[in-house]
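Sequence lines, in order, name chains A and B.
Here the first sequence stands for residues 1 to 236, numbered as in the numbering used here.
Here the second sequence stands for residues 1 to 114, numbered as in the numbering used here.
The set of hints was computed from the structure by calculation and includes no laboratory data.
Hints may contain errors.
When the alpha-carbon atoms are kept at most 30 Å apart in a straight line, the in silico DSBU-like pairs for lysine-lysine are as follows [to be verified]:
{"id": "1", "chain 1": "A", "residue 1": "Lys80", "chain 2": "B", "residue 2": "Lys60"}
{"id": "2", "chain 1": "B", "residue 1": "Lys19", "chain 2": "A", "residue 2": "Lys52"}
{"id": "3", "chain 1": "A", "residue 1": "Lys138", "chain 2": "A", "residue 2": "Lys172"}
{"id": "4", "chain 1": "B", "residue 1": "Lys73", "chain 2": "B", "residue 2": "Lys19"}
{"id": "5", "chain 1": "B", "residue 1": "Lys73", "chain 2": "A", "residue 2": "Lys52"}
{"id": "6", "chain 1": "B", "residue 1": "Lys19", "chain 2": "B", "residue 2": "Lys60"}
{"id": "7", "chain 1": "B", "residue 1": "Lys19", "chain 2": "A", "residue 2": "Lys35"}
{"id": "8", "chain 1": "A", "residue 1": "Lys203", "chain 2": "A", "residue 2": "Lys172"}
{"id": "9", "chain 1": "A", "residue 1": "Lys138", "chain 2": "A", "residue 2": "Lys164"}
{"id": "10", "chain 1": "A", "residue 1": "Lys203", "chain 2": "A", "residue 2": "Lys164"}
{"id": "11", "chain 1": "B", "residue 1": "Lys60", "chain 2": "A", "residue 2": "Lys52"}
{"id": "12", "chain 1": "A", "residue 1": "Lys52", "chain 2": "A", "residue 2": "Lys80"}
{"id": "13", "chain 1": "A", "residue 1": "Lys203", "chain 2": "A", "residue 2": "Lys138"}
Partial list, computed: chain B residues near chain A (C-beta under 7 Å) [claimed, not checked]:
{"id": "14", "residue": "Ala44"}
{"id": "15", "residue": "Arg59"}
{"id": "16", "residue": "Lys60"}
{"id": "17", "residue": "Ser80"}
{"id": "18", "residue": "Pro83"}
Selected chain B positions facing chain A (Cβ under 8 Å, derived; list incomplete) [claimed, not checked]:
{"id": "19", "residue": "Pro25"}
{"id": "20", "residue": "Gly28"}
{"id": "21", "residue": "Lys77"}
{"id": "22", "residue": "Gln88"}
We put the beta carbon where it would ideally sit given N, CA and C, even for glycine.
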Amino acid sequence: MRWPWTKQDSELDREINFHLDQITAEYVAAGVTEKEARRLARIDFGGPEQIKDECRDVSRWRWLNDLGQDLRFGWRMMRKAPVVTWAAALSLALGIGANTSIFSLMELVLWRSLPVPRPEELVLVNWQARDFPQGLAKGGAGHMFPTGDGDDVGDMFSLDAVQKFQREANGKALLATYNFSERVSCSYEGRSSVADERPVDDKFFQVPAVNAAAGRVFLPAWRAAAGDPTVALRQE
Amino acid sequence: MDLKRSDLLQGTLDLLILKTIEHRPLHGYAMAQRILETSREVLAVQQGSLYPALHRLERKGFIQAEWREAESKRMAKFYSLTPSGRTQLAEEMDQWQRYARAIQWVLQAEGAAS
């Protein structure tokens with residue numbers, strides 16, 4: 001079997017075999033038997049296997065030798081020009097630092113998936129329209145921004161629209177809605193603080209299929225008991 | 001007198017190889033033959049020891065190798081000098097001649113004293 005990395009070895013074999021055959025032929029021409037000639041050739045040559053090892057060592061360890069020389073040379077040069085060395089080290093440090101922070105930010109914002117069972121199935125529904133879509137969005141609360149080419153994009157939907165979506169989805173998809181968040185003040189065990197409060201519907205935690213770390217999230221049956229709001233707290 | 005491999009002064013083999021292929025490419029066997037011939041059978045280089053030296057010289061860029069058909073119609077690896085090998089040969093020959101001349105002066109001075 002021939003591999004690229006055995007090429008050098010087989011070339012060495014061929015080269016040395018050629019030489020051995022030449023000495024052997026010399027002895028045979030002088031009247032020695034083939035077998036004896038071969039033996040004498042090996043003695044004259046001086047241990048073919050050992051020679052091959054020496055040849056391999058030449059190529060095998062040279063890089064280490066070279067590397068050592070290069071490192072020592074590099075070190076001497078750096079000692080000779082400390083300003084250049086520090087400038088190079090500093091620019092490397094800044095470059096690496098900047099790259100690392102940019103990539104961590106991008107990872108956080110763009111690439112990391114939500115820590116839920118099937119993040120790829122989650123979608124945020126928006127609408128895009130030339131004029132405000134009365135039937136679809138009137139009465140909903142959310143954000144709206146222009147796309148730049150005359151359209152608007154919004155994430156608010158009317159109650160009618162949401163109920164229609166739920167009927168049409170017909171169990172094949174889960175739909176949850178949420179409202180604006182607002183700052184509220186709250187107090188617990190005598191300590192008061194400010195919190196963000198966001199009204200959500202009863203399917204809000206079912207959609208991403210997450211549960212509370214402690215206690216429980218909303219139960220659908222509780223919906224009937226309107227006017228008795230339930231709160232899920234998030235730990236910061 | 002029969003100089004064995006260890007009897008060759010350190011670094012001499014490289015010089016002998018470079019000189020032997022100064023004018024035409026040779027394979028290892030022919031080099032050993034030629035060194036023996038031109039040294040009037042005094043320098044019998046251990047033939048195998050040529051190869052580590054050849055590989056080292058090739059690595060250093062002093063010689064280059066090429067597979068060619070030898071007289072026996074078989075393919076053999078022929079070595080020839082590179083331009084930097086030619087420079088190296090000139091330098092080493094110069095060094096060696098100065099060294100040999102200096103040794104000779106010392107020996108002659110000793111001879112004159114006795």
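(request) Tell me, in ascending order, the numbers of any earlier hints that this structure violates. (result) 7, 12, 14, 16, 17, 18, 19, 22
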